[in-house]
Amino acid sequence: MADKPAIDIELKAPKGDWRDARVEFRKGTFSNASPPKDLVHLGLPNPRKWQPTDLDWQLPPDWKRILLEGMKDRLARYRSFRLFMDVCVRCGACADKCHFYLGSGDPKNMPFARAELIRSVYRRYFTLSGRLFGSLAGARELTEDVVKEWFYYFYQCTECRRCSIYCPFGIDTAEITMIVRELLSLIGVSTHWITEPAGNCYRVGNHLGIAPHAFKDSLEFARDELRDITGLDIEIPINRKGAEVLFVMPSADYFATPHYYTLLGYMMLFHEIGLDFTVSAYASEGGNFGLFHSNDLMKRLNAKIYAEAKRLGVKWILGGECGHMWRVLHQYMDTMNGPADFLEMPVSPVTGTRFENAASTKMVHVCEFTADLLYHGKIKLDPSRNDEYVVTYHDSCNPARGMGLLEEPRYVLRRACNHFHEMPAKTIREYTFCCGSGAGLGNDENMEMRLRGGFPRANAVRHVREEHGVNLLACICAIDKATLPTLMDYWVPGVQVAGVHELLGNALVMTGEKQRATNLRGEPLAKEEVHA
Amino acid sequence: MKALLAAAAVIALALAGASAGAIPGGTVAVTVVLPYVAFLTLAAGIAWRVWQWAASPVPYRIPTTCGQQRSLAWIRTAPIDNPDTGIMAAIRVAIEALTFRSLLRNSRSHVSAGRLEFSEARLLWLASLALHWSLLVILLRHLRFVLQPTPFFVPPLDALDGFLRIGAPPLLITDVLLVAALLYLLGRRLANPLLRYMSLLTDYFALLLLLGIALSGMAMRYAAPVDLVSVKQLALALAAFHPVVPLAPSALLLVHLLLVSTLAIYLPFSKLAHFGGVFLSPTRNLANNSRRVRHINPWNRPVPTHTYAEWEAEYADKMKLAGLPVDGTDHGG
Ligand code: SF4
Ligand code: SF4
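So the sequence lines, in the order shown, correspond to chains V and Y. Sequential numbering from 1 applies to the first sequence in our numbering. Sequential numbering from 533 applies to the second sequence in our numbering.
Because the hints were derived from the structure by calculation, they are not lab data. These numbers were taken from a predicted model, which means no experiment stands behind them. Heads up, a few of these hints could be off.
Said to hold, decoys possible - 25 Å max Cα-Cα, derived DSS-like pairs, lysine-lysine: (1) V/Lys310 to Y/Lys534; (2) Y/Lys534 to V/Lys15; (3) V/Lys49 to V/Lys64.
Unchecked claim - Stretch-level coverage of chain Y by chain V, calculated; a stretch enters the list once three of its residues show a Cβ under 8 Å from a Cβ in chain V: (4) 690 to 696; (5) 748 to 761.
Note that beta-carbon positions come from the ideal geometry of N, C-alpha and C, so glycine has one too.
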């Protein structure tokens with residue numbers, strides 16, 4: 001693209017000493033600071049006007065005490081943190097596994113280097129050898145420069161966990177990043193792209209702050225569109241008490257493209273099988289930017305889902321396509337806001353399958369739900385309606401490495417599309433490369449770093465584009481859908497991005513539907529459609 | 533520079549050991565006092581370390597999953613890489629501990645002509661495995677010095693270890709493997725620019741200390757054999773808490789003892805205590821069943837929330853206009 005800077009990818013031998021904390025906040029490689037109103041909305045400390053490029057960050061006078069006490073407190077509360085501070089042997093197995101290192105060539109983006117930025121401070125203040133031998137033992141003073149460096153590099157980690165799978169001790173830099181971001185939030189250092197949607201989600205219900213009546217409008221709009229495409233009247237119930245299932249999706253599904261086509265796909269499916277469900281305007285956000293900020297904020301936002309399920313009196317909860325949302329739902333929700341003893345074991349009303357894997361949390365992933373329908377032959381697909389697409393699948397980090405949801409979406413895709421090709425083995429499934437924009441980094445001001453971080457993923461897509469003519473990258477993540485199109489335009493022009501349930505919706509043969517003239521994007525179908 | 537400093541430290545320690553015999557009280561210090569201090573520090577240090585880790589809570593169930601989850605009955609799962617039960621998680625940890633499985637995944641990335649390419653990189657895995665298994669065998673072999681009678685498995689282990697039958701006394705494979713692995717790890721640390729950039733003095737120190745121990749030990753076997761009977765007497769006496777100061781111990785023995793004691797004292801306070809990571813890491817030793825079985829966070833605490841009633845109070849009028857249902861319980865309406 002002519003208007004974008006050329007990005008050279010180069011891995012050079014590092015120079016200098018990593019303990020030198022000074023960073024240059026280069027335009028395009030960092031996110032803007034949270035404005036005071038964000039922090040006020042959420043009741044977070046030290047609201048003020050500032051930017052990372054400022055010389056003076058206006059930290060509270062006792063910032064150092066706050067950080068060190070915060071560390072002490074978290075060392076006592078998280079075995080992960082204490083252990084990961086202690087056991088790294090600097091073997092370097094994780095070094096070149098991070099997409100930000102591969103894309104930026106900045107050695108401090110190697111996962112063990114990133115961790116060392118706080119580990120050095122841990123040594124200085126919390127270990128005997130660090131107190132005694134100082135820099136000889138790899139210890140570093142906590143200075144304002146270190147705070148700035150933490151901000152720069154811990155907001156250059158997408159919490160993707162790829163480094164963790166290569167580490168002999170499973171050291172998960174994502175976990176360290178989560179804790180450092182939480183520490184920084186104690187002194188009012190956070191980013192607008194995270195605190196604004198979190199604040200909106202808290203007060204209004206979703207990231208963009210779409211109020212309930214406007215939420216209804218968006219869904220009505222989808223209903224109209226579905227009528228045009230299928231000829232059927234597909235109702236989307238809101239806040240309906242007594243429904244069997246509460247459906248929670250990332251809000252981008254109803255306000256952004258290409259997410260929107262995925263929403264159409266879900267709704268067609270639910271209509272076709274006659275699912276007794278409702279969506280909620282109060283819990284109208286599955287995503288949880290609190291995960292990228294602090295434990296407490298994650299819990300505050302997540303609390304709405306169970307509260308709403310209880311109020312509406314549903315039996316169980318179904319969740320849409322979103323990566324980080326599922327990290328929270330799968331690994332945190334039940335522990336934080338459970339027990340969900342007011343709900344019942346999720347059972348598919350169509351196939352009778354009991355989702356034992358969600359017996360406690362009572363929340364099922366829509367890909368699990370759909371794969372089960374397909375396996376039991378309960379829905380009919382015409383994959384030829386997707387024939388214009390040569391599809392590959394991007395595993396989002398969280399469903400892959402925080403859950404293991406690998407086969408379900410592939411099962412749906414293989415049924416819904418005739419042309420499906422995997423990317424190289426070292427870049428998919430548990431080895432998947434991040435989109436480079438997750439964990440709250442997907443803003444425009446951070447564009448250069450996003451494109452760099454997304455380079456390894458794009459590189460693998462380019463491979464299958466050249467090999468098989470792939471023109472569509474399927475995924476099950478709202479952040480992916482928002483950011484992969486930009487990434488593709490830059491590195492692999494000609495590849496579109498779609499949700500799995502968009503392709504399912506295209507292929508779904510519906511009772512009483514009119515002959516389809518277009519796909520869900522409103523593009524004419526490639527050939528005469530004969531199966532309907 | 534860091535490597536040189538670390539080497540200087542190890543050499544200084546070795547020299548101290550070598551000259552201990554000549555200094556009054558030196559022999560006692562190195563053969564009696566230091567071993568006890570070292571042993572106590574090691575035992576107490578490790579106990580303290582493990583207690584510190586084990587006592588800290590695991591608020592969330594956060595395994596990193598490396599394969600298919602268990603969801604629908606007909607989907608093939610990866611029971612070890614994505615364990616669904618505690619037993620499978622234990623197997624995952626055991627395989628990691630015994631075979632260093634994660635290091636086996638390793639690959640190297642290159643960028644050439646704007647493309648990212650991967651190549652195999654198994655040497656780190658091989659060297660780590662050789663290092664740790666050799667150390668274990670060598671440690672077991674040393675039991676012949678502190679236990680009387682010699683444990684039954686030691687002689688066959690010795691025989692197996694020396695099966696190459698090169699030289700007399702026969703060259704032991706573990707000795708060769710240990711030194712080769714240490715040299716590789718050291719060379720790699722120095723030659724790989726990324727590692728050199730990140731390595732701390734202590735990283736070199738740990739490798740060089742082990743190398744010093746290995747070389748001094750091997751010298752006593754192959755180059756300047758020491759009187760094994762007197763070594764065993766010394767060790768047995770120490771183990772029985774009736775220490776006997778040897779009359780004229782070989783300088784090599786003193787070097788070896790001093791370096792081993794240093795290692796024992798240093799170990800609990802250094803990255804060498806990394807074994808804890810293998811067994812206790814919550815990303816590895818937990819089952820991925822957090823949706824099936826509720827995990828309890830011992831410090832789970834209440835947080836402020838924005839309740840439905842508060843939310844509805846703000847939007848009720850607009851909701852009614854839009855035809856959305858309202859509860860209308862907590863406000864005037
Ligand atoms: S792989 Fe693990 S032990 Fe090795 S350097 Fe990375 S974090 Fe440290
Ligand atoms: S979690 Fe992902 S982004 Fe963060 S350091 Fe590891 S590989 Fe890099």
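Hint by hint, here is what the structure shows:
For the proposed pair lysine 310 of chain V and lysine 534 of chain Y, the alpha carbon gap of about 61 Å is over 25 Å, so the pair is violated. Straight-line distance between C-alpha atoms of lysine 534 of chain Y and lysine 15 of chain V comes to about 15 Å, which keeps the hinted pair within the 25 Å bound. Straight-line distance between C-alpha atoms of lysine 49 of chain V and lysine 64 of chain V comes to about 20 Å, which keeps the hinted pair within the 25 Å bound. Beta-carbon proximity to chain V at under 8 Å applies to 0 residues in the segment 690 to 696 of chain Y; the threshold of 3 is not reached and the given coverage is violated.
Residues of the segment 748 to 761 of chain Y lying with their CB closer than 8 Å to a CB of chain V number 0, which falls below the three-residue condition for coverage.
Of the numbered hints listed earlier, those contradicted by the structure are 1, 4 and 5.
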